[in-house]
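Going down the list, the sequences are from chains A and B.
In this text, residue positions in the first sequence follow our numbering: the first is 1, and each later residue adds one.
In this text, residue positions in the second sequence follow our numbering: the first is 1, and each later residue adds one.
These are computed hints drawn from the structure, not numbers from a lab.
For each residue, glycine too, the CB sits at the ideal point set by N, CA and C.
Be careful, since some hints might not be right.
As the list claims (entries may be wrong) - Taking CB as the label site, the calculated pair distances span:
1. R71/B x M115/A: 29 to 39 Å
2. V3/B x L3/A: 40 to 50 Å
3. S2/B x V109/A: 33 to 43 Å
4. P30/B x A37/A: 30 to 40 Å
5. I8/B x R2/A: 13 to 23 Å
6. Q92/A x R117/B: 19 to 29 Å
Stated by the list, open to error - Listed next, the stretches of chain B that the computed footprint assigns to chain A, with coverage defined by at least 3 CB atoms under 8 Å from CB atoms of chain A:
7. 13-25
8. 28-37
9. 50-61
10. 98-107
11. 113-119
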Amino acid sequence: MRLLKLTAIGVAAGAFSGLFGVGGGTVIVPLLILWFAYGEREATGTSLAAIMIIGAFGAFGQALHENVDYLDGVLIGIPAIGGIVAGTALQQRLPERSISLLFAALLVVVAIRMMLG
Amino acid sequence: MSVILVIILGFCGGVVGGLLGVGGGIIFVPALVILLGDSQLEAESTSLLAIVPVAIAGVIRQRRYGNVRMRDGIMIGLLSIPGVAIGVLVSNAVPQRAVEVGFAGLLLVVAAQLVIRAMRAPREGEPEPADA
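With these hints in hand, go ahead and build the complete structure from the sequences.
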């Protein structure tokens, strides 16, 4: 059952990533919380571990099709490394419940953007 | 000017990633399209590349805080590979618009469940229920 659920999360995250070019954390984090009773911080940390793999495979596949702009990737990715170090540090000081509520807000924003097309 | 904005948005994407456990692609893709004039496909591909070092840095930090269940994370990552193939197949078989609206609806349902669960959670200061 556990393996089945992990498979469902992996496939859903992969499909989301393949369709919309993101890492899949939008799918992974809430499902770990709702299906596996993960704490919020644990869900986000574990999600990042999955995203490294999903991102690496996705970027590799797209690089073969020469769709990757490496300079732009560096330009946005390097400052983001500083950002995630700051973000994780900040997260440790937030109550877990507020992480869930922030995440729900993120999902609503993403949903609205997708509906607008 | 737009280069400075991209750097700022990159940093913001990282902060969102750290707070919420996402890669930051939600911010990277529109930033690349709007500010650097990448096509949607180019932006999505470039975003995936940028996500990798960001996620690695995030995992290193979160491991130190004891928030990573590495086995589950790696399992999900590996199991997502067939998911990507399915996603690509579906996106070619079904109108993109239908996929977007369907996924958007799904996200709203998930958001509602998160809010309901958070509201039921114990108040600050009380012990959290043990994780399964």
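Structure-based check of each hint:
{"no.": "1", "hint": "R71/B x M115/A: 29 to 39 Å", "in the structure": "holds (36 Å)"}
{"no.": "2", "hint": "V3/B x L3/A: 40 to 50 Å", "in the structure": "holds (46 Å)"}
{"no.": "3", "hint": "S2/B x V109/A: 33 to 43 Å", "in the structure": "violated (23 Å)"}
{"no.": "4", "hint": "P30/B x A37/A: 30 to 40 Å", "in the structure": "holds (33 Å)"}
{"no.": "5", "hint": "I8/B x R2/A: 13 to 23 Å", "in the structure": "violated (41 Å)"}
{"no.": "6", "hint": "Q92/A x R117/B: 19 to 29 Å", "in the structure": "holds (21 Å)"}
{"no.": "7", "hint": "13-25", "in the structure": "holds (count 13)"}
{"no.": "8", "hint": "28-37", "in the structure": "holds (count 5)"}
{"no.": "9", "hint": "50-61", "in the structure": "holds (count 11)"}
{"no.": "10", "hint": "98-107", "in the structure": "holds (count 7)"}
{"no.": "11", "hint": "113-119", "in the structure": "holds (count 5)"}
Figure legend: structure checked against the earlier numbered hints; hints not met, in rising order: 3, 5.
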